[in-house]
Amino acid sequence: QKEVEQNSGPLSVPEGAIASLNCTYSDRGSQSFFWYRQYSGKSPELIMSIYSNGDKEDGRFTAQLNKASQYVSLLIRDSQPSDSATYLCAVSRGDGGGADGLTFGKGTHLIIQP
Amino acid sequence: DGGITQSPKYLFRKEGQNVTLSCEQNLNHDAMYWYRQDPGQGLRLIYYSQIVNDFQKGDIAEGYSVSREKKESFPLTVTSAQKNPTAFYLCASGQGGNQPQHFGDGTRLSIL
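Chains as they are written, first to last, in our numbering: chain A, 1 to 114; chain B, 1001 to 1112.
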């Protein structure tokens, strides 16, 4: 059974600080990695995608991937109260890149304290 | 506007009843997916389709059925064989390959 593990939290971070969210996965064949943000009662919204080892930055968000360690992370700089949400890590199933669907973690509940 | 439309937003099922959830996309995406989310849980894959007239089972397909007669549409039927149907159902689509999936607003299904 392919798994994606996340700390469920809640993770509490002061406004303006850096929030660090982590994810590990079990399928070594996975090629594509995604972070989704989900507000309570809403559907997931894509935040970042990453496909190769290293860092990828987009505005206040940085995704980090280490395939050798099977580890993905998301950094949120200058955290805002509007960043308070559940963050879902998603990993492609096998080597299909995601076309065969994604395996999701249970999510980390992030709270930004004003 | 381009997007993924799911309907209805809320649905109630009686004992022994089949219900169908609608998912339509106008993004010209080849691949479409159905996921189920239970409270405090991640999403679990029910069915997916990479091309018209073809679909594959995901991890929890028992008690569900789908069809893909048109590129734009991927309806999900929750049959009476699904004994615990109460959940948040999410439809997604993507261009296939390693491209990300985008989600509709979801349908909340409850048992009467």
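The set of hints was computed from the structure by calculation and includes no laboratory data.
All figures in this text were calculated on a predicted structure; none of them were measured in a lab.
For glycine and all other residues, C-beta sits at the position ideal for the given N, C-alpha and C.
Wrong hints could be hidden among the right ones.
Once the Cα atoms are required to be at most 27 Å apart in a straight line, the calculated DSSO-like pairs of lysine-lysine come out as [unchecked claim]: (1) B:K1009 - A:K42; (2) B:K1083 - B:K1057; (3) B:K1071 - B:K1057; (4) A:K2 - A:K67; (5) B:K1009 - B:K1071; (6) B:K1083 - A:K42; (7) B:K1057 - B:K1009; (8) B:K1071 - A:K42; (9) B:K1057 - A:K2; (10) B:K1057 - B:K1070; (11) B:K1009 - A:K106; (12) A:K106 - B:K1057; (13) A:K42 - B:K1014; (14) B:K1009 - A:K2; (15) A:K106 - B:K1070; (16) A:K67 - B:K1014; (17) B:K1071 - B:K1014; (18) A:K106 - A:K42.
Which chain A residues face chain B? A few, computed with CB under 7 Å, are given here [to be verified]: (19) R28; (20) S32; (21) P44; (22) F61; (23) A99; (24) G101; (25) F104; (26) G105.
Can you give the numbers of the hints that this structure goes against, from lowest to highest? Hints 14, 15, 16, 17, 19, 22 are the ones this structure does not satisfy, whereas the remaining hints hold.
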